[in-house]
Amino acid sequence: MGKPTGFKEYSRENLSYAPVADRIVHYNEFSKLPTDMATQGARCMDCGIPFCHNGCPVNNIIPDWNDLVYHGKWREALDVLHSTNNFPEFTGRICPAPCEEACTVNLIGDAVSIKNIELSIIEKGWQEDWITPQPPEHKSGKKVAIVGSGPAGLACAQQLARVGHDVVVYEKENRVGGLMRYGIPNFKFEKHIIDRRIAQMRGEGVNFMADTHIGVDLSSKDLLNKYDAVVLTGGAEKPRDLPIEGRNEYSGIHYAMEFLTKNTKRVLGDEIADQDFISAKDKHVVVIGGGDTGSDCIGTSNRHGAASVTQLEIMPAPPEIPNKLTTWPNWPMKMRTSTSQDEGCERDFAVTTKRFAGENGKVTTIECARVDWSQDEKSQWQMKEIAGSEFTLKADLVLLAMGFVHPVHEGMIEELEVEKDARGNVAANTEDYKTSLDKVFAAGDMRRGQSLVVWAIREGRQAARAVDTYLMGSSNLPR
Amino acid sequence: MSQLPLSAPKKQGLYDPAHEHDACGVGFVAHIKNQKSHDIVEKGLEILHRLTHRGAAGADPREGDGAGILLQIPDAFFRAVTPDLGIELPAEGEYGVGMVFMPQDESHRQACEKIVEQVIEDEGQVFLGWRDVPCDAVRADLPESVTICEPVIRQVFVGQAKTCIDQDALERKLYVIRRVARNRIDALGFEDEANFYFASMSSLTIVYKGMFLSHQVGAYYEDLRDARMTSALALVHQRFSTNTFPAWELAHPFRMIAHNGEINTVRGNINWMNARRHSMKSELLGDDLDKLWPVIAEGQSDTACFDNAIELLTMGGYSLAHAAMLLVPEAWAGNQSMDETRRAFYEHHAALMEPWDGPAAVAFTDGRQIGATLDRNGLRPARYLITDDDLVVMGSEMGVLNIPEEKIVKKWRLQPGKMFLIDLKEGRIIDDAEIKEQLSNEKPYQKILAKTQIQLETLPEEVAPMAPEHDALLNKQQAFGYSQEDLKFLMTPMAISGQEATGSMGNDNPLAVLSNRSKHLSNYFRQLFAQVTNPPIDPIREEMVMSLTSIIGPNPNLFSLDTDEPQMRLEVHQPILTNIDLEKVRHIERYTDGKFRTTTLSMCYTADQGAVGMENALNKLCDAAEKAVNEHYNIVILSDREVDADHMAIPALLATSAVHQHLINKGLRTETGLVIETGSAREVHHFATLAGYGAEAINPYLAFETLFDLQRNGELPEELTLEEIKIRYVKAIDKGIFKVMSKMGISTYQSYCGAQIFEAIGLASGFIEKYFTGTASQIEGVGLSEISEEAARLHRDAFGHAQIYKNALDVGGDYAWRVRGEEHLLGPETIAKIQHAVRTNNYGLYKEYADHINDQAGRLTTLRGLFKFNKGHSISIDEVESAENIVKRFVTGAMSFGSISHEAHSTLAIAMNRLGGKSNTGEGGEEVERFTPMANGDSMRSAIKQVASGRFGVTSEYLANADQIQIKVAQGAKPGEGGQLPGHKVDQRIGRVRHSTPGVGLISPPPHHDIYSIEDLAQLIFDLKNTNTDADISVKLVSEVGVGTIAAGVVKAHADHVVIAGHDGGTGASPLTSIKHAGSPWELGLAETQQTLVLNRLRGRTRLQADGQMRTGRDVIIAGLLGADEVAFGTIALIAEGCIMMRKCHLNTCPVGVATQDPELRKKFVGTPEDVVNFFMFVAEETREIMAKLGFRTFNELIGRTDMLDTNDAIRHWKSQGLDLSPMFHKPETSGGAIYHCETQDHGLEALIDNQLIEQAKPALEEKKPVLIDIDVCNADRSFGTMLSGKVAKKYGIQGLPEDSIVIKAKGTAGQSLGAWLARGVTIDLAGEGNDYVGKGLSGGRISIYPPKETPIKADENIIVGNTVLFGAIAGECYFNGIGGERFAVRNSGAVAVVEGVGDHGCEYMTGGTVVVLGETGRNFAAGMSGGIAYVLDETGDFENRCNMAQVALEPIASESDALEALDHQGADLETHGRVDIKHTLSQDDQKILRTLIERHVHYTNSARGKSILDDWDAYLPQFTKVMPVDYKRALAEMEAELKVKHNVKAGKEHANG
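Keeping their order, the protein sequence lines are chains E and R.
Following this note's numbering, the numbering of the first sequence begins with 1 at its first residue and continues without gaps.
Following this note's numbering, the numbering of the second sequence begins with 1 at its first residue and continues without gaps.
By construction, these hints were calculated from the structure, which means they are not laboratory data.
Please read these numbers as outputs of a predicted model, since none were measured by experiment.
Errors might be hidden in some of the hints.
Once the Cα atoms are required to be at most 30 Å apart in a straight line, the calculated DSS-like pairs of lysine-lysine come out as [as the list claims (entries may be wrong)]:
1. R/Lys726 <-> E/Lys439
2. R/Lys806 <-> E/Lys143
3. R/Lys410 <-> R/Lys36
4. R/Lys1163 <-> E/Lys334
5. R/Lys731 <-> E/Lys73
6. E/Lys8 <-> R/Lys1542
7. R/Lys1164 <-> E/Lys324
8. E/Lys324 <-> R/Lys410
9. E/Lys221 <-> E/Lys143
10. E/Lys73 <-> R/Lys806
11. R/Lys1163 <-> E/Lys73
12. E/Lys142 <-> R/Lys806
13. R/Lys847 <-> E/Lys324
14. E/Lys124 <-> R/Lys806
15. E/Lys434 <-> R/Lys806
16. R/Lys418 <-> R/Lys735
17. R/Lys847 <-> E/Lys334
18. E/Lys8 <-> R/Lys1164
19. E/Lys139 <-> R/Lys806
20. R/Lys847 <-> E/Lys378
21. E/Lys420 <-> E/Lys143
22. R/Lys1307 <-> R/Lys1265
23. R/Lys1164 <-> E/Lys334
24. E/Lys378 <-> E/Lys281
25. R/Lys1258 <-> R/Lys1189
26. R/Lys1189 <-> E/Lys8
27. R/Lys1189 <-> E/Lys378
Here chain E stands alone, though its shape is the one from the complex (with noise of 0.2 Å):
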């Protein structure tokens, strides 16, 4: 165990951050990692019931590399970590973290910074070079295709391939990573660290087709014929829309992802014409949403320049302290800011948006209200617009960042005529993620609708044993 009195004898040490004038005038990762990890590990106490271990969606067994971490096993700190997370490196940096959230110094005090061990490990794994292919000792013979290669996808793709399946891996764009490639600004996640894991994917076996849309590029039909089991990670990709008087009269308000894509597509080199850049130069920019997705389009903005930054959330502002006797070890509401909101914004809470305007076709102000949120006979909130309380924001850029509805319809899903949830997903339980045609699997955001990284790893690695299991009667694969 860590040291038994180490929660006591030191304190958390967070990220340190490049100063915010030096960072937002580039789009590389400016968070730097505290030295002395080793401290860090010695928080921890062991805890008989490790309650981050649960709270971590792939179980990352937390507790024992927080202990080798202080006692300077980094490599074995490594393996134990690779045992439940393919891609630490991933969530080493945007993860949410649940884990210290539920970690139980967070109780009394503040929590292990068990994210910043986590990158610290995988960070310290690949600068050893001790991250390697690890390819299967016998094939299985057997074929399976992965639809989307986002975490969830990538994540099945790996551990299918090391027990011996030929992994095709299709993605839409031109580049694979899904969502963390185009979704996620570079300052926050530099796209190197998508391309080392897939190098080291692609010599365990792994076969990467980008720019190929299935149900566009390649019917979904041929994908059933070529494979013997076809796994569905395409993500929920249908964005949750606005539809308010103005919506679709005015150009300037767009989805985030459409904004967020071009940007790093541009950092990443490609040709963008002007005309289909959406840039926040000197613009009023509105986020609309007060979620992650929210925080990246401020962020993005305050690099192009923008005259300013306002996001709007329906919600009411949650507590700065929530009453963890309540919520503790759960993941909280509570006032959270991060460093894109911390680069400068307006954060505006409990504000409906009720019409946008504009002149010349391009939208200048929006309309708002202040809304009450109250909880009926049943527990349910409900909001009530506060009568009188209307004004008005400027606004050159609307972004509309309010998460996601479902997988995107058209094409594949309507092609194979899957089935579907109430909400829209794609159905397939957690135990076997067999969706209602044979040989089809599917997971990740796909099947459970918008959701962390972190939770389409968990998926993808479990629906690698299901479908191991589907096709070899048996599997070896951990859940």
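Since the structure of chain E is provided, determine the placement of chain R on it from the hints.
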């Protein structure tokens, strides 16, 4: 008897009459010069009568447990009564008399008689005739329950044939006749054949006994009242059985012995005896020997077995004393003071037979000699006196005969391991030293040993194989089921610290049979432990009685007294062999001229055969072993080193036991040694099971290799060499085995080996019968096919391609929760849910929590998880009794203030008081302030006051403030073990409550030193009831097989309340082995208890409580249906107030302030009484919902309704498939008897002498006016002064009354527990003597005891008080003008005592107070003594050898002038208010204290010894030694330094101000 008598119910449900234990009062009277008289018979009966309180009555107060008397053959009497019957008796000594119990059925009886007559003829003797023994059941007032099984009692007379050369030969023939007749009658197959029984058959002795209360013996047997009935000896026994189905034949005395105690190793002893069949030859018995088998029949009581053994030995030519020494040897191995010839004697005999181990006072006689011996640790009392007219009286206590003091010339006691023998022929007493010296010198044992003994360590070094590289090792580890936790929690700590790691909280993993995972076979076996009927041992503080010596290889012929061609013997000092050791064993042939020959048999078979191949492999292995033994290989090594991808192993435990049993059955086992070379053994329990099933030595090669690998990888401290790692690991295992053995009260490995001290849970009876014969397994379970499948799965995982096992072991999850690991009852989600539920008072959330726990589909954890309810007639929930009512049945578990924080402890108390339930102090006492209600009306007073073995804080005031006093006999997490509170947890406050010194660690002994047996428990219940007559007395037991019978005994001992705790109960700190592997689930124990109590018609008298991992209302209902009136919640109550199961209680780092004393962490405590109240109301609400569904309006209606329970077949899995839970659902016939608590116990308080004391002390009690009381006492006056003190404590608290407010001048021999919990202000001045437990719990009173004036004996050479005096004393003074027994002042925490000599283990575990010993001490003085001071007069200068120096230092007493100088200006105020108030300080004036105490001793007792010391003070002073605990000294120094700093600060301030 091969079967149990008809009178007792047959095995049904979980009730099995085989679990019966007994203990009792024993005594004899004999005329040294062999003068026969009827007076001796009458005296024997009188002793019996006076021992009544040591026996017990059943449901009917006239129903005794058994009593009897053994006499010499009354030749004159028989000569007078036989002529009328046409019997012509030969000369005295030339005929034998059989006392025979026979079936009531006349035809059966005639058949039996015919066989007896026939066998007499067959054996060449003369059948003389039958005599009807006149019996009078009416006069004896026997109840119907006794007469219904009353046998027809007849005596058979057998004349000696000419062929018998002497009386010994006749005795041998009578023995053979008895055995043969018995076997033939068994073969008849009568239903009531069991009612045929030879009470005795001898030409020397005769036994009159039966199912009696002591006074009924003489009333029933007319013979005994006949004046012609004479004997020079009378051996008597009054039985207290833990069962109320005592049978006539189970009464003592047996043919040669009466026994008080218990043979713990009897299972192994029987097996080993039968295993000798092949090797046993006797010149004396000749061919007759073959007719005797089985020499020890199955299904008898331990005493009967012991009787069989001693009888066989004496018939085979051993003298009585020799046989007793062989069976119950004293502790010789570690005894430095034993002379070499005697040690050689014992060492030689160790190879002949393993000790029959357990607490025992055995009185034995063959009619020519009578004697007694005591077990090695002195765990039963035996006192004796000798008169000037040649009478010897021995008994469990003094005062059993009224003998004028002036006639008594000696009063003494039997000392541990010592013997006492009266040779009636020689007409003298032969003492221990003489007997043993004579026997030790009979043969040149030292020379024989030198010739035959080989000690393994003296053999030349061998080369052992090297450990494989990491990856290859990993596969092997996996094949044997290693997990990461084995390395982390078990093995690494052992290699580092040389002992097993400690853990905390309870075990909430599934039972092995319920787990879906492959479990180690050992996990199906639960360690048994001693509770109530015998004491566990403290293997650390009392190491001197423990021994791990193991003898590998063949046992010599038991009867080969011929020493010319002695057999070689291979000895190891402990049974864990290193790889090198094993090679030595393997090649031993080289060093022994081929006398030893070793063969290695593989436990492996080819993996392609899979699981199904195992049975065949086992058969082959057994055959190979048999063949090897027949080919004269006398050491067999079973090895699984061959395991690889192509070979899988039979679990080593299975292979070991199978071979062991096979060789026993073939009568070959004692001709070979059995050594196990296995990769499967790594933790203590694995070794314990291997040993328990027959391994004489074990080589855990893979464990060593694993540790070496850890070291290579830098996982162990660098400074540890491989050699050191080996040594520490072996030491840790050894200590662990000690602990496992000692929790059952077994002290030698030799006796433990093969003793099968386990019960199986979840193993099929067919499997057990075949491979683990004789092991209890109550609910069936897996068989060989599942066990082999488990092994096969492990093998597949190891050598297959599972990704997670590629470079890592399985995570385990047994000790800490892991997603991929073993299941737990509680996990992160359930804990979060229940905490959120209670904090927001959200019943919906509670239900989610409860549903998750109640529905164990797919994750079976508990037996009750497999239950389902039968359909009832549902009623509306409004008709069900209220939740407010139901919560009154809820209590919180016993958790001490010390293990948990004040905040956590008092929050529970407040909550339970609000609910009207009960909280429990735990074993650490309670702060006095909590007895007063709080300003807001709440109360922090715990209704249940626990009394545990440490007796911390158990004052008269504490007891007076109880609604219930709970005797913790065992704790679920560590039954059979004591506890330790480390010094760093003992802060000022805890020190105050526990009456100990802050900073000094505290030890709770494994046993209550006043409960070594059931009648002792009865005495403690009686003591406590006296201290507080309003409180219920509760006894907490832990579930194990047979707990029902023990509970029946406890209820007969008048417990008002019985707790059955599961093995899974929590703990603040406990060795991991104990948490995981001892005890059984409460469902089993509770069901067995309910069934047994109902069958015994005792159920109504006691309230029954279930405890252990209780979580939900469903648990409450199940407990109720299985028989519980009440339910206790431990862990979950803590969770309700904030515990998150960190399992760090033992580290003091609990981050939520629950189980810590760290002031910073205590601030993190957030729990409120409301949280706890909410939890219990939720549970009650859920309970009500289920009650409504099942149709019960009140809780009482559902208690014991097992018909509402069934097995939920839907959720079984491959392993749980074979379980048969129906025995738990068995509902015994009640015939109108109660099945829930609805009656009260009769404690018999009205007739007590204390009532007179209270009456006479009224002026003092009411107006504080001093009173003087004159009164006579006798041995039946027990707990004298206790009830009176209870009244004082209730009214005046611990302060009590002014000194000498109530002075009691008493005369006579007081009963046990004189002055227990005597309150301040009460003085007992006794002219006479005390028995055991004088001054127990002394709470401020004063006791002085001295011999009466008329006695001729020298006080300082005679015993005046018995064993365990001043146990748990808190304060007060004692002066004893004479010698005390064993364990004087054990666990004293504050009393002052002067005594003129003490037995073994004096001042053991003492934490405070002052003891002055003006004479010799026994061995092991000051063991575990962490506080207080003792001054010992060491005239012989060898005290150091008898003192256990582990925790104390010896210092001289400074002379007066030195002391004065040291005192400087500190002015020690020694006397305040006329009483001795001894404040221990470092600089105290020892000689002044000592002198004052001796002066007071002389003042109160007129001690001649004291006077002569005072008279020659300067000469005596240098001979005194001060015994000073090291920790205590350090703590005193620290406290003084602190005080000085405070003083200086204060002075400085004053100075500044001035």
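- Message: Run through the hints listed earlier and report the numbers of any the structure violates, in increasing order.
- Response: 1, 8, 11, 24, 25, 26
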